[in-house]
Each structure stands twice: as C-alpha cells, then as structure tokens.
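In case you want the letters, here they are:
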Amino acid sequence: FLICVAIRANYPLYIRSVPTQGELKFHYTVHTSLDVVEEKISGVGKALADQRELYLGLLYPTEDYKVYGYVTNSKVKFVIVVDSSNTSLRDNEIRSMFRKLHNSFTDVMCNPFYNPGDPIQSKAFDSIVSTMMVQAC
Amino acid sequence: MSVPDYMQCAEDHQTVVVVVQPMGIVPEDQFFRIYKRIASVSQVSIRDSQRVLFIRFRHHYPPENNEWGDFQTHRKVVGLISVTSCTTAKEWPQTSDRFHGQKEVFGSTLYDSRLLVFGLQGEVAEQQRTDVAFYPSYDDCPDVEKRVEDFVESIFIVLESKRLDRATDKSGDKIQMLCVPFEKKDFVGLDTDSRHYKKRCQGRMRKHVGDLCLQAGMLQDALVHYHMAVELLRSVNDFLWLGAALEGLCSASVIFHYPGGTAGKSGARKPSVSSAADAGKRHRPGALTSSGISADTSAEIGRAKNCLSQEDIIEKYKEAISYYGKYKSAGVIELEACIKAVRVLAIQKRAMEASEFLQNAVYINLGQLSEEEKIQRYSVLSELYELIGFQRKSAFFKRVAAMQCVAPTIPEPGWKACYKLLLETLPGYSLSLDPKDFSKGTHRGWAAVQLRLLHELVYASRRMGNPGLSVRHLSFLLQTMLDFLSDQEKKEVTQSLENYTSKCPGGMEVISLPDGLKLSPVPFTKLPIVRSVSLLNLPVSLRPHKVKGLLGQGLSSASPFIYSPITMHSRGDERSKKIDFQWVQGDVCEVQLMVYNPMPFELRVENMGLLTSGVDFESLPAALSLPAESGLYPVTLVGVPRTAGNITINGYHTSVFGVSSDCLLEGLVGVKSSGCMVEVVPSLPRLQLCTSLPRSAHLSSEDLSTSVSLQLFNGETQQLTITLENIGTETLNTLELTSKTLSTKDGISVTGLPVSSPLRQVLKPRTENKPVGSDASKNEFNHVKTLEAVLTFKYSGGAGQVEGYYRELSLGVRVDVEPSVFFTRVSTLPATSTRQCHLLLDVFNSTEHELTLSAKNNQDLVLHASECQRMAIQVDKLDFDSMPVTDHDALRQATVRQQEEKRQQVQGGLINSTLDIHWTISSIQRHGEASVEGVLNQLILEHLQLAPLQWDVVVNGKPCDCDVIADCRVGDAVPLEVKLTNRSKSAVGPFSLTIVPFQDYQNGVQNYDLQDAVTFIGSNTFYIGTVNPTENSVCVGALLFLYTGDFYLNIKFQDDSTARDLPPAWFCLPSVHIKAQEPVEL
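Heads up: the protein sequence lines correspond to chains G and C, in order.
Start counting the first sequence at 1; every next residue gets the next number (full-length UniProt numbering).
Start counting the second sequence at 1; every next residue gets the next number (full-length UniProt numbering).
If we strip away everything but chain G, and leave its shape as in the complex, we get:
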C-alpha cells in the first residue's frame, strides 16, 4: 500500500492510493495524521529547529501502516503512507521520495495556468507519483 497526498491549508490537493479500494480508510488515516503534523510544525517553531529540515519523519505508526510527513517552508504538507510490512523503504528512501514530490509540486505551482488551491491535475505530477508507487510496491 502506498498513499500520497499533497495538502495545503489542511485540505487535500492531491490524493492517490494503490490499491484504490478502501480509499476512505486512508482518507481517515491521513486526515487524522494532520493533527500530528500540526503539532510537529508548532513544536518546530518553538524550538527554533533547523528550518531547512522539512522532513518530519514518521508521524505515527499504526498496526498496519507507517505514516510519514514532510512540510515545505510554505506549509504545504506531503504525507506518505506505507504498509508496515514494507521493510524495503527506509528513512532515506522516504526522504528522497518526499524530495521528488516536492520538486514536482514546485513544477506544478510554476504552471501559470494552475490556480493555487485547486486540486492538482498535472499529468507530470501524476506520473512522478506513479513511478514512485511502482518502485515502492
């Protein structure tokens, strides 16, 4: 399982999961994980931690999934959910996945025809996510 989400202002711009069945469950998972993300962001602010570290790490482990988070400086959040049993994905791999996502997201934002706040419908972004999902699964 792998789910990818880009979130801005706490609503999803992009959400995709493999496989697609039981998507609602992932919606719940990601939605609730935002609590942790917010807590982490506010915590970072207090501690004046390294601002360049955007990777939030494992948000919380559940029985079946691991939820990872990543926040850009403009507070766009990325969340990746992977199957707990998937041991091939280490922290470094997740980190690089987030970086790829972030780059692609930046490209989407550069599109003059993209209206900030609209759901992402970019094919390029989609294909990046697809390749990541293929690699991960």
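Rather than coming from a laboratory, the hints here were simulated on the basis of the structure.
Among these hints, one or two may not hold up.
DSBU-like, lysine-lysine: derived pairs with alpha carbons at most 35 Å apart [to be verified]:
#1 C:K326 with G:K25
#2 C:K318 with G:K40
#3 C:K420 with C:K526
#4 G:K66 with C:K526
#5 C:K420 with G:K40
Starting from the known structure of chain G, arrange chain C on it as the hints suggest.
Same frame as chain G, now just chain C:
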C-alpha cells in the same frame, strides 16, 4: 478487574471511595437529589489538623474493582451510604437487615457506613444511632451534608489509624503479603521465609502505606514511602507492584505540581487550605501525626529530593506503564495509567508524547468489552485527543463511538446518542452545517470524509425518527458536496431526498436541536446553478416615457454639476445599481435568469419565482424542466408589481426534490448581474392595437410595436383601419398621434395625409419620378420600391399621467410599391380653344397585366403588359394663380426653394386632379391613379397655364371660343364685345385691336374681301386703355351681316410697342365663328 474508570486522573489516588446506594424502592429522581447533596461534600477539612480528605462518591461500583483495593487503596470502597424509604415502623427491622446485607458486599474493605432513612417518623426514628439517620421526607433533610461530613471524619479516623498501624509495622514480625486477585494462586506453595519473599512483602507494604499517606493528606510521607517501595520492589523484580509504586510516586508528584488538578474543569477542586503545594510548609504535627512517623522528617526530605520533576513524572509513568504491560490482567490498570498520564501531559502541553500514550491506550486489549463500554472507551479517547488539541483524531474516535452506539449487535440502537456524537465530530472534520460557509468559491476540504459523515448524519437522523432533520442534512449534502458526488451518487442522493420529502417537505425554517444547535436552512443555489440575472425592460409598446420638461427631469443625479469628469466608482456593489428603465405598476415584468442543470438527469424545478423587496410584488411562479447537464438555459420569471416605488430583486425561490429554498443573490457566487433595482412607475393605461391588415412578422425597427406590410402598385390606394383598445385598468386620458416617414435612398417618400379622424389615417404612397428622357432607364422603374412610415400613438392616463409618464405605441407601415404605369414623355399641343390644350402622354405599362387607363372626359386606353402608347388628353388650361393660398405662417418660415417646391407640388396636384388619370387592372381587381407630376417640366407647365390676360369675346350676347359658332340673322346688328380681364400682377395696356372678318373656304383659301358682306356699325378698331391688375376693360362694337354664310372674325392687335414686352401667349384671342342665317320669317 475489568471495568476501567476512564475519568480517572492522577489526583484520584488521593481520594477514598464512598459508595452511595439506594436500598429497596427509592424514586430515582429523589435518590439522585440526595446523591447530589451527598456528593457536594467531596472534600472535608479534618478538625484539629490542616489535612483534607477527598472523597469520590460513586452510586455504582463494581465489586471486582474493590478487590484491587489493596493494590491501589484509592480503588477500595471504604464507606457506604445507603439511602432508603421506610414509611412504617413495621418495616424498620427489615430495612435494618437489608442494610447489613448491603454492607456485606463491600464488607471487607468498609471503614464505616451510614443509612439514611426517609419517611419514617415516630418511636423508631427517635432513637439516636450514629450509623442511621432518620428524615421525615426527601424534602425535609437539612443536615444531610453535616451528617456526611461527620461520616467522612469517622472514615478519616479509621484511615489514619490504619496508616499509623501499617507504618509502624516495621518490626520484624511477619508482614502480610498484599496481592492482587490474579496473583493469589501464584503464591500457593511459595516459600514464605525466603529473603526474596520478605523483601517483596516489605516493598508492597511500603507502597501500601504510601497510598494511605497520600489519602490521609500526608503527601511528603507518601513520597518517601513510594521511593522506598520502588527501591525494594525493583530489587526483587516485582514488576506489577513496582509499576504501582512508580505510579504512586507520579500521582503524588502530580498532586504537588498541579494543585488545580488534571481532570480539567469538571474535576476542578475547590481551593483548599492544605492544597498539596504548600502542604509541607504548613504541615504542623497534629494530634494524630505526632504519634506516627515524624511529619517533620518528611517535610525536610521534602519536595526537593522526593518529588519528581515534571519531566520525570512522564518518564516514570512510561516505566510504570511498561511494567503494567507485562501483565495481561492488569490491562485496566495500564489503561487508566495511560489516561492519567495523558491528562498530565495535556496540562504540560506536550501533545506529541500524549498522543503516544493514547496510541498505546488504543491498543490495550481489555478482552471482551460490552458495547456500552466500547462507546465509553471511544468517547473518552476522543475527549482526550481533544484535550491535547488533536481535533481530527478526536473527531475520528467520536465518530467510531457514534457508530458503536448503533452497532448491529446492539438490540436497541441508540440513534439519538449516535446523532449527538456525530454532531460533535463536525468541527474535527472542519464541517459546519451552515451553507453560508460553503458559498465562497469551490469547496475545499476532505470531501470523501465529510461526505461520509453527512451520509451518517442523514441516516442517524432518519432512524431517530426526525425526517425533517434528515431532509435538512441531505439537502446540505447535496448543496455543498455536489462537486464531489459521482453521477450515480447524485442519482441516489436525490432519490432518497425525494423519498424523505414525500413525507416531510423541506423548507426554509431554521431547525433547532434540543441541545441548542441551530440548523440554518439550505437553499439549493446549485440546483439549478444561476449564472446571470438580468431584469428585462418592458416590451417597447409598454415602456413608460417621461414627459420632457417636467420638473425634476435630468436633475435626479446627486451631483450639483451638470458634467463632471470624475466618475463615481460604484465598485463592487453592482447589484444595488439602479437600472435605467422603469417597470409599470400592474404590468407583468420579467427577469431573465441564465441557469444550468449540473445533474446528470432531468431536473424539475417547481414553483420558481422571484423574491423582491421595496414594492408589493405578485410573483407568478413557473415550473421548468431542465434537461440533463444542460448548457446555459434562459428562464424568465415573471411577476406583477402592485405598488409603485423602487423594487429590488433579492433572489428567487425554487422547489426542487420537494425542498423549497429561497436563494438570495447576494450569497451566490459567479452571478452576473447588471443591477437589481428598478423603479416601478404608477400604473398607466394599456392600448392594444389592431389593424385591418394582417400584421407582418418582419419588424423593420425594434422600436415598433406592430408592423403591417403591404404590396401596392404605384398609384394604388389602400385604406388601413387601426383599432385601439384600452386593455389596461386605467382610463386613457390623452392620445396623441404623430407620423413619420422613413426616407429610402431612392428619394421616394411616403406622405401621410392629414388624419381624417383620430382613429383613421389614409396613406397614399406617391412616387416622384424623374423625367425620363430615354427608354434606357426603363429598367429602373421595374424595381420594387419599399416605403416605410411609422405612426406613433402617445397616450397616458391614470396615476402614471400624474407622475408625468406616457406610453408610446408605434405602428410601422411598410409598403412595397410595384411600378404600375409610367409617363415616359409628355408634350402639349395647342387646342382649338385658347382655354384648352392637348396634353400628349406616352404611357408605358410596366406591370405584367393588361391595364386600362382612363382620364377625365377621355376614352379608355387599353395597354398590354410592357406596352407603350401615346395618349392625348384635352385639358382646360389651368389657372394656378387661383390656387388655394397655403398657410401664411408656413410660407413665411419656408425658404424660397421650399416655397418653390411647395408651389410645384401644389401645381402638380392640381394638374393631377384635373387630368384625373386612373388605371385599372381588371384581371387582379386593382386600380389606382397615375400621376404626371414628376414628368411635367416648366415648358409644359407654361403651356398648361392660363394666360394672365383673359380675353373674352361675346358675340350677340354669346361668349365665343374656337369651337363655338355664334348664330345671327342677316340684317340684324350683331353686338360684339371684347373684354379684357387683367390677372397679372402689373397694369397692362393700352392696346388697340382691329377686327378683320374673313371667310374660310376650308380649302386653304381665305377670303378677306368682305366689304360687301359685312359692315361694321361703328369702327372696326377698338381701343383699350390701361387695365390695372384684377380689373377689366370692355369695348363694344357691332357688326351687320348682309348675307348668309359662315364668317370668321380675326381680332388683331395693332402693332404696338407696349404689347411687345409681354409674351405673345398672353395675347391669344379666340377666333370668332359666326353663322349668319336668313332672318326668320315671321
């Protein structure tokens, strides 16, 4: 122990449990009233000491939990208060027995008990017993609180003595092994003499004493004991009890650090004199403490060393929980510890760590839980998540709890509770039930999750038996989540909505829920979606016009300047802009909406009407059916303003799927509007126009209300009857009629003749043909020419007239003129008479029909199609000077050129009427007149004009002209009179005339030698003096014919110089023909 107390918090370790129970039949409400009064005594300051005893009252306490009382003394039931009704003394013994029975339940742990008896009076009630209190009724028990306090104090004494007893138990005697229920079997056969065992006993006892100290208000002592217990138990790996000791340590530290409590508002403690923080300072050796372990020592060791730091509390909690986790049977203890730790962390605002504890708590398996326990568990988890600020997690668990309320395994699902819980989850999913929050642009949020929640709300409210509520929720779902619904879902949602509304139609009222939540109405602004709203002007014929020149006209603008380059920016509020046309009271007014249907199926909108303000407006609702996924679709909503004033279109109302909604424009996004306010002027009459000719569909100009078009031949006359009918409610007071012609490029015009009656008008098209010199331009006449004219009726009446408004009705008349006959050439020939001449007309029939041409006093001329023939008409010369004088005013104003044109026109008219040339096409029953006006030139006009000098010759009393033969008798004197009438503008004369008789033999020979035949009586020469204008002069002579015969008289002018200045045509005297006959024989 299977029943966790989810409300527990760290400071509960300080409390003692007192169970308050009803005994026998006690009315529930009465019991809880008493219970409340009892529970109000939750902390009691003990006399003679600074200590406070905290009590937890429970009306229900599972005995299994009591069994864990040794493990953690705050779980032990130490007091029992029974509440019972007893009306007669007879029942008393039985009641007393029962009370003893009840005591047995908690028997082993009870320190003391009380019985409150209500309703018993008399002898039995008189007896003084410490453990029983008698009250005459539930309302009459003033000293309940006092009794409870006494009871608490007695508990305290027991507690204190137990504490002292255990604390001094250090002597080498055998220490009792405290254990939890599931351990009991483990100790069977264990060597009780081993060091290990003894240490274990010691450690457990230490921990137990710590508990007691904590309960007895000796915080510092408790800390010391816990520390010792931790060390002892750690050395023997007694993990369960080690966990308990650590937790005790944590609890004591928490009580020290957070005197306000950790349970939040609901558990807030009354500020007490000996609140834990300063307990050490204030601690004075009291009567009871002095004999025990020195309180002073505990105070010294005190805070600094024994009390855990805030960081350490969490560490120790973690440790304790990890130890508890080793024992499956201690799940409840572990869970409760987690909850307690979370509460502490919440106060410390360490949400992340708190969430870890909670996460752990989620996974603690307590075995088979009842449904109710599950609900409670999820609710508490939700509350705790909320406590640490995790709104979403909180909402998630609340939703799970809600679902649990109606789990299929529950025989009586609690839909109300479910609904209530679901409502509470709304903020967590950033969902508000006010549709206004969704009107700003596209919806943004976790649609899938929100959608699910709304569906659940709908279902729950339906099962609750509140269809109105489910309709409201479903409407809300449809309105706000429309973009996220698939086509299939749209269908399903609308179907169920229709099902619901068939029982309970949805409306616009606010639904108030019992808990105070108000559900605002959900207008379906997306069913259909309105893209633009435009108020339509009235049809041209009904538009009101303001009479110009009236006061106030044009001065309505607020600015004092006539013109200012600074334009007022009315940015933003486009809708309040006033529209520059008016509506009329009592007339149907229209507003056009461009709508589209976002649904994948046909959308039936019923009862669609306008919402207005400012004026009484009678909306005439419409029903429409929009095809699936329609494009923009115009919908016209109509209504009748009943009063005058400014009307504002605020919105529209619809009824879709049985839900009626009022959609206000101000709340709509993306609606184009050019303004929604319009003035309604007072009512005006309303005319309907009918014409005798069929209306033409073609309107040459949009200003026209009606138009007729006809096809005529040039010269044809068509009568048009116009009937005006006032179909309005107001009386028509004034009617004004004007006509206007629209010139076309050919220079052809239509002249409206003066109106013969107010309601009749005759139109006569007339072509002004150019003189045609050659046949080459014949083609030109084959063109069909179009003539247009507009008749305008201005009318007014009623209240609108008072305000200065009128209406205009215009009728366009369009005539396609086909050529009929043309005069290709005109010439004149002099006739025999000086007063007449011959007009020669070359007539060309340009029609495709055989045509008969007739002129006055002339034979008909038949012309075949495209045939040209010459026609000669003898006409009397015309006297243009005697033409009717046109209006002097008009003459004065007109230029010379215009005067000339006018004159020519009048002349032409006169010639036309004189000639009176008509054509008839018998084959198609058409007839008309032909005009020569255009072909007449100056030369011909001159020929046709009577000379200004009029000569009249009278022979024998008979005026003579060319063709007139005067008769006379031979031998009789024939008087001859020549009369000159001067019609020219100047004086003429003098002239001299000579009369020469001659005979014409009709063979070219003229015999002037007639001296023998004719004699003059008198001179044959006449003299006429100067004749002034409009005067005349007569000269008279006589002739005597001697023979019979035909004679002619030639009147010649003497060659006079004065006459030469005048044109010879002026001196055109008729020749006189006289027939002399034999005298009549008498």
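Verification of the supplied hints:
no.	hint	in the structure
1	C:K326 with G:K25	holds, 32 Å
2	C:K318 with G:K40	holds, 21 Å
3	C:K420 with C:K526	holds, 29 Å
4	G:K66 with C:K526	violated, 40 Å
5	C:K420 with G:K40	holds, 31 Å
Going down the numbered hints, you'll see the structure goes against just number 4.
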